[in-house]
Every structure is written in C-alpha cells, then in structure tokens.
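Generate coordinates for the entire structure from the input sequences, incorporating the hints supplied.
Letter by letter, the chains look like this.
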Amino acid sequence: MLTGRDYVISLTVNGERHDIDADPEMPLLWALRDLIKLTGTKYGCGIAQCGACTIHIDGQPARACVTPVSAAVGTEIRTIEGLSPDATHPVQQAWIELDVVQCGYCQSGQVMAAAALLEQNPSPTDADIDAAMNGNICRCGTYPRIRAAVKRAAELKRAGEPA
Amino acid sequence: MSPTDTGGDNASPRIGRRHFLIGIGVIAGGIAAGQWLRPYLVGGRDSAPKEFQPHAFVRIGADDRVTVIIGKSEMGQGIYTGLPMILAEELDVNPQRLAVEIAGVDPAFNHPFLPAQFTGGSMSVMSTYEALRRVGATARRMIVQAAATEWGVAAADLRTEDGVVFAPDGRSATYGKFVEAASALPVPAKENITLKNRADFRYIGKPQRRLDSRIKVNGEAQFGIDVDLPNMLVAVVARPPQFGASVRSFDASQAKAVRGVVDVKQIPSGVAVIAEHTWAALKGREALRIEWQDGPGATLSTESMRTERRALLARTGLLAKNQGDAIAALADARRKIDVEYELPYLAHACMEPLNAVAWVKNDRCEMWLGTQGQSQDAQLVAAALGIPAANVKINTMFLGGGFGRRASGTSDFPVEAAHVAKGLNRPVKVVWTREDDTRGGYYRPFGLNRVQAAIGADGLPIAYFHRVVSKPVLANTALGKMAVSKEGVDPSTLEGSADMPYAIPNLRAEVHNTNETVPSLWWRSVGHSANGFVANSVIDELANLAGQDPYRYRRALLAGKPRHLAVLDKAATAAGWGKPLPKGHFHGIALQESFNSIVAQVAEVSVSGKQVRVHRVTCAVDCGLAVNPDQVVAQMQSGIVFGLSAALRGEITIEGGAAVQSNFDTYPVLRLADTPVIDVHIVDSDGPIGGIGEPGTPPIAPAVCNAIHAATGQRIRRLPISASLA
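Going line by line, the protein sequences match chains E and L.
This note's numbering numbers the first residue of the first sequence as 1 and each following residue consecutively.
This note's numbering numbers the first residue of the second sequence as 1001 and each following residue consecutively.
Incorrect hints may appear among the rest.
[Said to hold, decoys possible] Label-pair distances were calculated between CB atoms; the ranges are: (1) ALA159/E - PRO1188/L: 49 to 55 Å; (2) ASN121/E - SER1608/L: 25 to 31 Å; (3) ARG1426/L - ARG17/E: 25 to 31 Å; (4) ARG1310/L - ASP58/E: 56 to 62 Å; (5) LYS37/E - ALA1389/L: 29 to 35 Å; (6) LYS37/E - ALA1154/L: 54 to 60 Å.
I should point out that these hints are in silico values taken from the structure, not numbers from a laboratory.
Ideal Cβ placement from N, Cα and C applies to all residues, glycine included.
Have a look at this one:
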C-alpha cells in the first residue's frame, strides 16, 4: 500500500513495467533483488569493482550496484532473467557447452558482460575479451573457460544471424 | 511424513521443489547413517508419479525420472554432477537424465568418517564413492529382479542400459514400469551385490557436462543470499571495528528514523539493524551511533605480530616431527641455509558475501544457508537459542564459493542470524557487505617460518629443520580439534612440509601456537597452501646451493616414488622444461601431495621491474580416479587461479586490531586479463581416489616464485610477491 510518504518509481525491466516504492538513491541492484524479486543479478562488492551485478541499460552494460534507481527511470533495463526465455542466448549456450560455471555466483554478470560485448563486437580478439571482461571477478577461476566461451558464443551468434 | 515431504509449513513457492534440483527434500524421521530404507513406494498422490526409494540417496519414478539426493554442498567443485555420476554408473542411467535434489540435514548424509554432515577437505568423492556405487547397484538389482519376476525369466539373463531393462527374447521396458514391484522386494544383502569393473564403466572417467550449468547461466540458481520468504526482513550488523572489541553503548534513534528500518537491537556480535530491505538496513546502519569498548587486541598490528613471531622463531617449540637427527646433521654440515619465510593472513573472499536466513518460531528455528557444515551449524544455533538441535532445520542452498569460510569453527554467520531472528517472529536475512566479509576475520593464519637445511657432498639434502609460528586452524574448529595432539600440535600447522614426499634423511619440525584475537580458519588446502610454499621454495634453494637443475633435483629426491615421478615428469615435459623459452621468460617448478592427490606445476614467468607476469601454467595431476575428468581440469584451473591471486597480491594486514583491507579495491584478486594460459594433464593411475578441490592450489605460489628466482636471482621469502618486490 502506498502512502503519502512513498516514492513511486517506475522501472521497465525485461519489458515489464514495475512501480516500486524506493528512495531515488537506492541502487538499482537492491531494487531489482529486494523489491522486484529478480535475484539473478548478484551483489558482490557494492562499488563497481566485481561486475557480479552487471545488467544492460538501453543495451549498454552497467553496474546495478552504483546505479541509483532514479537514473534508470525511462530506460530499458535487461537482467539475466530477460536475456533469453530458455537459456538459449549464444552466450548461455556457449557457457553450457564449455562447462564454464563452477559456484556460479558471478556468472550472471559474466554472461551479461559477454552478451553486451558481442552486441558491440561480433568478432572480439583476445585483447577485446580481456578488456571487456576484466571488470568481472570470478573467485572460482573460470577465466580460461570464459575466454574460450566468449569466442564460441561469437561463432554461435554469427552462425545464428542471417547473412 | 513421507521421505519426500518437504516438511516445511512455510517454504515459499520460490524455494519449493523445482524442476531441476532445487528441491529441498528432507528425509524426515532420522534415518540412521547410510541406512537402507524399507523400500518405499512414495508419491502417487496429487497426481505425483509413484516412486521407488530403496535408500536415502535415490528415488526412481514411474515416469522414469531418477532423482539422486545429495547431502554435500555445491560450492563450485561440481559435486552435484560428480556424485550423481557415481550412483548412475551402477544404476545404469545416463547422468544427463538425472534430477539432483539437495538433501536435508540427516545422519543418512553424514560424512562417513565424521559424526556430521560436512563438505570440505576435498573428501566428498573419496569418502562416498563406494556407498554411492553400492546404492546404485542395489537399486538396479531390485529393478531387474522385479522385471525378471514379471517376465518369468532369470534375473541373470536380463541386461540394462540407460534406464531400460532388456530380455533375451527382445522384450524391453523402462525402469519406471517396475517401481511398484521393486518396492515390494526386500533389499538384497550386501554380499549379493556385484559392482562393475573399472573397465566396464560407461560414465565414470568420461567427461560429463555439469548438471547445474543451465540454472547458473539464466539466474535461476538460488544461493543463500537469494532466499526470499513471505514477510521476510533484511538485516545488517554493525560489528566491532577491531577483533575482540565489544559494544559499550549505542544510540539507535537516527537509525530507527530511516524509512524502512523496523528494529535495532544488540546481539552478541554487535548491533543489528533490521529493515524491510537491504538498502534501508544499510542506511540505518550508517545512522547508528555506537561507542565501542576496546578489547585485548586493540593495539595489535601485523608489525607487532611479526616481532612476536620472530622472537618465538628463535626458541624451541613443540616437537611435531623428529626423524633422524637434523640438529646434529646441521651442526656438522658445511653447505647450509637458515632462512625465514612469511605468509600473510588471507581472506577467502567468496564471490557471494556471507549471509544467512533464520526464522525462529518459539522453540524451533528454520534456516536457509549456503554452508559447508550443516550439523555443526544446527548444534551451535540450537545452543545459542537454548533449544534442542533437532529443532533446528537447515535448508542448504547453492554456495557462492566456500573455500573453507562457510565452515567456520564457531558457525559465526548462522549463529549470528539466529540471534537476530530471535523474538522477531518473522524470517530475517542477515547480509554481510563485502567490507563486512573481508574484515570479518577467519583468515588463513599469518605465519612466520624458519627453515634450516643442509646438503651433503652430492648436493642432496641431508637435513631439514622447519619451525613455524602460527595460529592453529584445526584447534579452532569443532570437527578438527580432535586431531590436535595432547601436547598441542595441530597437524595442519605443518602439513605439507614435515610430511613432504621429498627424501630427506634428517627431518625436524617444531611449532609455536599463537592466540591473537584475529580468528584463523582453514583456507583452500589448509596447511598445504603455506607449507607447500615453504617446502618447495626451500627445495629450490637447496638445488641452487648444489648447483643443480631444480627439476632433476626433485627427480632425485622422489626416487622410488613412481606416481610422484610420473606427475613431475609430465608437468616438466609438457611445459618443455629445459627447452628455449621466449626471451625474458623463465620456468619454475613445484610439486605438492595433498588430500591424497599429487600435483606438479611449471610456471612460465617474466619479470619487468616490479611487474611479474605469469604467461602459462602447465599442471599435471594424479588423483587416482578422475570421476569426471573435465571437472578435474576445472578444479586445477580453479586452484591455480585462486593460489595465484594470493601469491601475487593477496594480503590482509592488521592495524589497530583490525583488518586494513575491505573490498576488492584494497584486496585485489586475479582478473581475466592477468590469468595465464593453463594446461592441465591428468596422469592415469590406479592409486586410491584423491581429492580435487584443493590440491591445485599449493604448488602455484612456489612454482611462480621459483621462476622469479630463475629470472632475477631474487628469492621470494615473503608473500605476497608484491610485498617482496615493493
């Protein structure tokens, strides 16, 4: 129930509108997780150091932990839950094919970062991958497989697109 | 209650049974350890298919669905794939068709060697391998017997493949057709069950894709921090700014004025701010005003501990190992070294910060945890609440990393959550921020080591005398302290050094136990991560002193140990040891036996000023039997990255009784761009099954430091490398 003191913020997440009662400064991360109940986006550091909270805002990768909800109003927010309806995005397919995940906690952010990279650069070089993925920490050490899987995802994506 | 009843009067739909594996099935009623059930036919109501359940570990449905129930915690090591594979092998079902269910807490899932449900010590496969095979083989035999009776043929004439029974006359049917008949059969005696020969394995030893990948790439997997229950609150705790300090007084008026804050209360570990959501709890905590009471460690610093430890290094310690007469051999030796090695405190820094959900209802408590130690958590939570341990129900979630931190000796984070939840009458999730987690202690201990070692006329070692000053790890855990000798020698303090495989005739080890306020804990590979560095560095120093090649020197010291030699040779050969490297690149080598596995690594390194670059790591491993070879590779990659993070820059320092570092900006960990190419070679072996989660970590620091020595002549005797090169 909303009262006179409430802030109403409208967010569009994965194509759906959500009206939430949130302080405008609340990081989008907590709005997504605690209020909209989309917990695929993870908390890892709160200071844009680890990338676990990577989402897409208007197609660009962003760190939800340092994005106030007020800054996300009027944008198209995409989270891991909205990347594909059935884990068939080329990045997800490549991750499954190469058994990238271990504990899995950072992988929502890794997958979202990789998906954003391939939107901008369909054929990333090693250096491109290092640069784009270096902000995403994985403590299980899945980095060697992430490198390989980004390349595999690029192949799958190119193969799946009309020439 | 049936064995599949979730037993929860409160499990929310989000946590309830899920298609793949998130079901929290509780085997109710206390099945004794490993006990066979009178075969159950469960389900069959509410349109659920009937299921045959001969044992706590497996159910087979009339719809052919095979569910394996796993009591180990999945923290990345692939246990929700590896253990089901073992059962599936003998059951003759393709592992990719399995459903995996997270077990409840029950003695049926206790560690075979410990009176507790616990995941750690790289023991899961080696300790459950036989039991899982036996359960799979027994269930298969009962299905086959049911088919034989129905078809009027001898059971011995039937064969099975991937969940289908075949008769010689061409008839066939899936396992699901026989669940009702199998449920009426007695469980066959153990001696009537034959297990497969290794040569007949269809699945074990061949790469299987992880069963939890899909739900970990679409956001579906539920970690402890993702738990959401109706009416749930979120809390953060303001903990003392130094280890051992306490709350003197606090003023919560401003905190309570923060919108969304529901309550503020003092608990043993600090002051909890309880709110409608995480952001309100964090804002509330910022608004708290607390006067802290200094504790006994108020002036503790890394420097003060280093001074104290160095003084102890000069004095005789508790004797931990004495073989031959190292003191006399050292006195007589002409070529010898006397060196000090220092290893810093290290935080585990799991990607998922610590958290716990607790719901206290009168004399009962239900918890949702990413934990490695369910039984201890239940006992200590019960003790904290003054209720029977049987009244604590724990639901195990996915762990966003563990590395030992989620099995602290005091169950610190579950117990704290229980204190927060007490009296609330609502579920509450206690979330640690990254800063709380990094500064929260339970580190790999800060250790100072003195090694005196000598070589003989042939250059080979004749004496090795290792004295270590450190805070014991096992002694501070409920499960480990039984391993501590009555004199106070904690085996983890010297493991990996005093018991190294290298042949040295005179060996002496002594320990001094410290007891500073900073809590210590096992950290991936426990004593091996510290002692493997010391021992492998010292061996390199001795090879140098002898003027011999470090790889061939190790070969000489491993003579008569074919498994060790095969691993060492594989790593050296695959890396091209002794062959030309790119300009400015150098090799270093190390070998460590830990958790019944043998791992050798060769690091290819270049050094430019103070910048160390690790280009490639070649790793060879003998773990006896590689159940899921690709996950063995994954765990080697993982252990190497984890150990390299620590070796290059990992360090928690103490000032004013508190950790200086707080987040990934001050406690940097390895990132993708700095990750070397890692080649892993599994060495075939008929040795006993070894662990795989930890043994990849110990060799990397000495391999890299030995390569730095080769490159620069500088011996790194203090980790992290960044501190030595500064």
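For this structure, which hints from the list above don't hold up?
Failing hints: none at all.
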